[in-house]
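Trainee: Residue numbers (this note's numbering), protein chains in the order written: chain A, 1 to 264; chain P, 1 to 353; chain D, 1 to 286.
To be clear, the hints were calculated from the coordinates, so they are not data collected in a lab.
Virtual Cβ for every residue (Gly too), placed ideally from N, Cα, C.
There's no promise every hint is true.
[Said to hold, decoys possible] Taking beta-carbon pairs under 10 Å as the criterion, some of the chain P residues facing chain D (in silico):
| id | residue |
| --- | --- |
| 1 | H73 |
| 2 | E83 |
| 3 | F87 |
| 4 | L90 |
| 5 | A103 |
| 6 | D151 |
[Claimed, not checked] With a cut-off of at most 20 Å between alpha-carbon atoms, the simulated SDA-like pairs for lysine to any residue come out as follows:
| id | chain 1 | residue 1 | chain 2 | residue 2 |
| --- | --- | --- | --- | --- |
| 7 | A | K212 | D | R132 |
| 8 | A | K105 | D | A254 |
| 9 | A | K144 | D | G143 |
| 10 | A | K105 | D | G143 |
| 11 | A | K210 | D | R132 |
| 12 | A | K101 | D | A254 |
| 13 | A | K101 | D | R247 |
| 14 | A | K174 | D | I123 |
| 15 | A | K105 | A | N118 |
| 16 | A | K105 | D | D252 |
| 17 | A | K174 | D | T150 |
| 18 | A | K210 | D | I123 |
| 19 | A | K61 | A | T248 |
| 20 | A | K53 | A | K174 |
| 21 | A | K254 | A | T225 |
| 22 | A | K101 | D | D252 |
| 23 | A | K101 | D | T249 |
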Amino acid sequence: MKLFRPVGSLLLGGTLAASLAACGSGTQNAAPASSASGAEDGTLTVFAAASLKQTFTELAKTFEQQHPGTKVALNFAGSSDLATQITEGAPADVFASADTKNMDKLAAASLVAGKPENFATNVLTIATPPDNPAGITSFADLAKPGVTVVVCAPQVPCGAAAQKVEAASGTTLKPASEESAVTDVLGKVVSGEADAGLVYVTDAKGAAGKVKEVPFPEAKDAVNTYPIAAVGTSAQKELGAEFIDLVTGEEGRKVLGAAGFGRP
Amino acid sequence: MSFQLEAEVAARGFGVSLALAPGETVAVLGPNGAGKSTLLSVAAGLLRPDAGRAVLDGRTLFDLPAGPWLAPHLRGTVLLAQEPLLFPHLSVLDNVAFAPRSAGAGRRSAREAARRWLAEVDALELAGRRPAELSGGQAQRVAVARALAADPQLLLLDEPLAALDVAAAPMLRRLLKRVLAGRRAVIVTHDVLDALMLADRAVVLEDGRITEDGPVRRILERPRSRFAAGLAGLNLVSGTVAGDGLLAADGAGGLTGTTVTGTPDPAAATGQPGIAVFRPAEVSVFAEPVHGSPRNTFAVTVSDVEPQGSHLRVHAGGLYADITVAAAADLDVAPGMALYFSVKATAVEIYPA
Amino acid sequence: MRPASAGPDGRAGRRRRQSAAGSPGLPRWILLPAALGFLAVLLPLAAMAARVNWSEFLPLVTSPASLTALGLSLRTAAASTLLCVVLGTPAALVLARTRFPGQQLLRALVLLPLVLPPVVGGIALLYTFGRRGLLGQTLEVLGIQIAFSTTAVVLAQTFVAMPFLVVSLEGTLRTAGNRYEAVAATLGARPTTVLTRVTLPLILPGLASGAVLSFARALGEFGATLTFAGSLEGVTRTLPLEIYLQRETDPDAAVALSLVLVAVAAVVVAVSYRKTFTGALDAAAR
Numbered sequence: 001m002k003l004f005r006p007v008g009s010l011l012l013g014g015t016l017a018a019s020l021a022a023c024g025s026g027t028q029n030a031a032p033a034s035s036a037s038g039a040e041d042g043t044l045t046v047f048a049a050a051s052l053k054q055t056f057t058e059l060a061k062t063f064e065q066q067h068p069g070t071k072v073a074l075n076f077a078g079s080s081d082l083a084t085q086i087t088e089g090a091p092a093d094v095f096a097s098a099d100t101k102n103m104d105k106l107a108a109a110s111l112v113a114g115k116p117e118n119f120a121t122n123v124l125t126i127a128t129p130p131d132n133p134a135g136i137t138s139f140a141d142l143a144k145p146g147v148t149v150v151v152c153a154p155q156v157p158c159g160a161a162a163q164k165v166e167a168a169s170g171t172t173l174k175p176a177s178e179e180s181a182v183t184d185v186l187g188k189v190v191s192g193e194a195d196a197g198l199v200y201v202t203d204a205k206g207a208a209g210k211v212k213e214v215p216f217p218e219a220k221d222a223v224n225t226y227p228i229a230a231v232g233t234s235a236q237k238e239l240g241a242e243f244i245d246l247v248t249g250e251e252g253r254k255v256l257g258a259a260g261f262g263r264p
Numbered sequence: 001m002s003f004q005l006e007a008e009v010a011a012r013g014f015g016v017s018l019a020l021a022p023g024e025t026v027a028v029l030g031p032n033g034a035g036k037s038t039l040l041s042v043a044a045g046l047l048r049p050d051a052g053r054a055v056l057d058g059r060t061l062f063d064l065p066a067g068p069w070l071a072p073h074l075r076g077t078v079l080l081a082q083e084p085l086l087f088p089h090l091s092v093l094d095n096v097a098f099a100p101r102s103a104g105a106g107r108r109s110a111r112e113a114a115r116r117w118l119a120e121v122d123a124l125e126l127a128g129r130r131p132a133e134l135s136g137g138q139a140q141r142v143a144v145a146r147a148l149a150a151d152p153q154l155l156l157l158d159e160p161l162a163a164l165d166v167a168a169a170p171m172l173r174r175l176l177k178r179v180l181a182g183r184r185a186v187i188v189t190h191d192v193l194d195a196l197m198l199a200d201r202a203v204v205l206e207d208g209r210i211t212e213d214g215p216v217r218r219i220l221e222r223p224r225s226r227f228a229a230g231l232a233g234l235n236l237v238s239g240t241v242a243g244d245g246l247l248a249a250d251g252a253g254g255l256t257g258t259t260v261t262g263t264p265d266p267a268a269a270t271g272q273p274g275i276a277v278f279r280p281a282e283v284s285v286f287a288e289p290v291h292g293s294p295r296n297t298f299a300v301t302v303s304d305v306e307p308q309g310s311h312l313r314v315h316a317g318g319l320y321a322d323i324t325v326a327a328a329a330d331l332d333v334a335p336g337m338a339l340y341f342s343v344k345a346t347a348v349e350i351y352p353a
Numbered sequence: 001m002r003p004a005s006a007g008p009d010g011r012a013g014r015r016r017r018q019s020a021a022g023s024p025g026l027p028r029w030i031l032l033p034a035a036l037g038f039l040a041v042l043l044p045l046a047a048m049a050a051r052v053n054w055s056e057f058l059p060l061v062t063s064p065a066s067l068t069a070l071g072l073s074l075r076t077a078a079a080s081t082l083l084c085v086v087l088g089t090p091a092a093l094v095l096a097r098t099r100f101p102g103q104q105l106l107r108a109l110v111l112l113p114l115v116l117p118p119v120v121g122g123i124a125l126l127y128t129f130g131r132r133g134l135l136g137q138t139l140e141v142l143g144i145q146i147a148f149s150t151t152a153v154v155l156a157q158t159f160v161a162m163p164f165l166v167v168s169l170e171g172t173l174r175t176a177g178n179r180y181e182a183v184a185a186t187l188g189a190r191p192t193t194v195l196t197r198v199t200l201p202l203i204l205p206g207l208a209s210g211a212v213l214s215f216a217r218a219l220g221e222f223g224a225t226l227t228f229a230g231s232l233e234g235v236t237r238t239l240p241l242e243i244y245l246q247r248e249t250d251p252d253a254a255v256a257l258s259l260v261l262v263a264v265a266a267v268v269v270a271v272s273y274r275k276t277f278t279g280a281l282d283a284a285a286r
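In isolation and in its complexed conformation, chain A is listed as follows:
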């Protein structure tokens, strides 16, 4: 079985290198690197948690304006997927995680350059269909019989947060489904299958109009912290650091705050 590994990585590596080379040259043709910052390659690759899609897309645009000739390539996915990809050798320059656990995992693999910086927080909220058919007004209402509640599975960060809230509030939920991703929870609420779902504030804000947000005080018992760091194998740590500065700086706070993220 061991025999396959070198062959496999050789082949995969070769293919990856070939396709990346193709991408790189294409990018250079489209936007020649003429910046004074001395970057060897005009592209900064940022791996960011899926919940950051809207905000980081906006920040990347700002960054590109501030650094003419530089292009930010964004890759959004679940934090654990991204951590796994980086561990397997994916060429990321910056990693922004939705939880500290996956950043720690990367640090343990010596793939983090410097110290990760917390740049945002997120808390849970209740999302219901716009007409709130089950009349949910509090976290305790979710445990009422006949209410179809959907949460994240405990294995994923939003599910872990939900468990914390349950423990702190003393309310035990009987969910109809434990989804693998918070977007699936939101989807079940938007489609009206579920009476309520536990999602992040930012998710509820992003789906404004399609769901009604019912905030609850117990949410403060489970605050999710978002860390960001340069990846250890990055060839452009300088450019990466500048991007991290943008995220953690004033501009970043403004964009993140508007999307519902809290301050760390």
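Since the structure of chain A is provided, determine the placement of chains P and D on it from the hints.
Mentor: Relative to the frame of chain A, chains P and D by itself:
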């Protein structure tokens, strides 16, 4: 009580009217694509004609386009095809018991009936076998038993001997002769021997129409259609009777407009449509015209030469001549060559069409 | 690397070798793209197998959550296969044995789930059986809720697996032809008798392999289930969903369970291949 059928299938250019007396077996002869299988399918209810009517022993099978159309299983017409088509998942016994079972008999009595019919076709020892374990001849015998077990009011046979090898065919032919005696059946065949042995009457089907209808022997001795003449191994010229000759009509190959002198039937009166026939063996072949009465000489062009037993058959001008290999070698016969076919008047028979 | 030696044992193998010997053969260069083609499928499977933590394999795949998911997967796949057979066989018969206007379109539409992304299937099911769906509202009035239930899983699996049964059975029916059925009818068998005593026994091998394929497809169903049925241990979390979830926290468990799924699928495909293979031989013998 009888079977009568009239049917039109426009898409296939098919239009046939046929009647069978009780216990009568009719052979349907005709070239490929003439509509023989169409006839059987229409009778069996597997093909719906555009118009027509069929009555079997007072029951209306169909009356189209407006009237009833009886489904195949309600007709009492059983089809025996060229291939045995025994159900491969059933034993021989259960194959034969299929029709009695379908008619509502219990398993035991159906199997009893099946054994009787297997015995009837000398195949009782095959009862326990699977169809895949049978030879072609055995399988067709079992298929006959299966068809008879349905107690058909009309048996439809579609070239039942065509798929059998030469060793198996005679035995099945004898079997069919036995079981068809006194049964009402339509048997499609291209083998004149089958028609002679198995049928009381024959019809010739050409291009979807019946061109001849009569006793098999009469059709073979005095064919009126080119196909029947071919079956009987005769040269046929159609035309108009003129004295002791026949003025060949259009479509008689290279003979159009020629008068064929022969021995007319007393019934053949001048001016009537008539037929002249003669055997290919009676035809002599020459490179130059031959004179001397009473003799017919036709100038023809060779279209084909093929071996036929111990002699060669020369196709020319729509006629055949059988000559010896030596004669062919002398003449150096080859396609495209101009020759003269000669036949004595005494060898030519002329009768009304 | 002689291609002629690749044939399996048995009659077909011999036949293939004979024809290979009689044919001019393939150009040698084709072996390279062929090898890459095989690798494209086999390498990822081998890579996954290489990552299995064998010392932990048994505890990982026999954990309560894994066994629950496997059991649920087998039960729901069996139920949806049954549903596929009961509903798909008549559908295949209608497609293969009748002619009506719009038949080509109907066939194309019925086969659509074959090429549809499963998540699209999930959305379609949601709008049919969901609380606010086409039938869901009526069902809700009757007190039946399908969303988040095992029934939803079975419906999702049936939706994606049905075309496999219909397409394979329709092919079998067309290959078999209707000559046996015609003979049976003239022997006096009613249409129902023809169906039960002739048609169905004749197509049984095709039906079996179609059912096996459906089962395999149902077992692997993921997207439509995730979208439509949700994910709850013992109720809707089938093995693929369990693998997806385990991947978050315990990649070793995810890999181990993936291997179990691959093994089950391989057995199913092997059985199906043998069935169609022997079926084809039987047909040839006839």
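Trainee: For each hint, tell me whether it holds in the structure or not.
Mentor: Quick rundown of the hints versus the structure:
Because the smallest distance between the Cβ of P:H73 and any Cβ of chain D comes to about 5 Å, under 10 Å, the interface hint for this residue holds. Look at P:E83: its Cβ gets to within about 8 Å of chain D, closer than 10 Å, so that hint holds up. With a least beta-carbon distance of about 6 Å to chain D, the hint placing P:F87 at the interface is held under the 10 Å criterion. About 8 Å separates the beta-carbon of P:L90 from the nearest beta-carbon of chain D, less than 10 Å, and the hint is met.
Nearest Cβ of chain D to the Cβ of P:A103: about 5 Å, under the 10 Å cut. The hint holds. Interface restraint check for P:D151: the shortest CB-CB distance to chain D comes to about 9 Å, inside 10 Å, so the restraint holds. The hinted pair formed by A:K212 and D:R132 meets the criterion: a straight-line CA distance of about 17 Å does not exceed 20 Å. At most 20 Å may separate the alpha-carbon atoms for a hinted pair to count; A:K105 and D:A254 meet this at roughly 18 Å.
Straight-line distance between C-alpha atoms of A:K144 and D:G143 comes to about 19 Å, which keeps the hinted pair within the 20 Å bound. For the hint linking A:K105 to D:G143, the alpha-carbon distance of about 47 Å lies beyond 20 Å, and the restraint is violated. The suggested pairing of A:K210 with D:R132 holds, with an alpha-carbon distance near 15 Å, which does not exceed 20 Å. Of the pairs offered as hints, the one joining A:K101 and D:A254 holds, with about 19 Å between alpha carbons and a cut-off of 20 Å not exceeded.
Our distance criterion of 20 Å between C-alpha atoms is met by A:K101 and D:R247, whose separation comes to about 15 Å. Restraint check for A:K174 and D:I123: the C-alpha separation of about 25 Å exceeds 20 Å, so the hint is violated. The hinted pair formed by A:K105 and A:N118 meets the criterion: a straight-line CA distance of about 16 Å does not exceed 20 Å. A C-alpha spacing of about 15 Å is found between A:K105 and D:D252, which places the hinted pair at or below 20 Å, so the restraint holds.
For the proposed pair A:K174 and D:T150, the alpha carbon gap of about 16 Å is at most 20 Å, so the pair holds. Distance hint between A:K210 and D:I123 is fulfilled; the C-alpha atoms sit about 17 Å from each other, no more than 20 Å. Only pairs whose Cα atoms come within 20 Å are accepted, and A:K61 paired with A:T248 is accepted, the gap being roughly 16 Å. With a CA separation close to 31 Å, the supplied pair A:K53 and A:K174 exceeds the 20 Å bound.
At most 20 Å may separate the alpha-carbon atoms for a hinted pair to count; A:K254 and A:T225 meet this at roughly 17 Å. With a C-alpha separation of about 18 Å, the suggested pairing of A:K101 with D:D252 holds against the 20 Å cut-off. A threshold of 20 Å between alpha carbons decides the hint, and for A:K101 with D:T249 the separation of about 10 Å falls inside it, so the pair holds.
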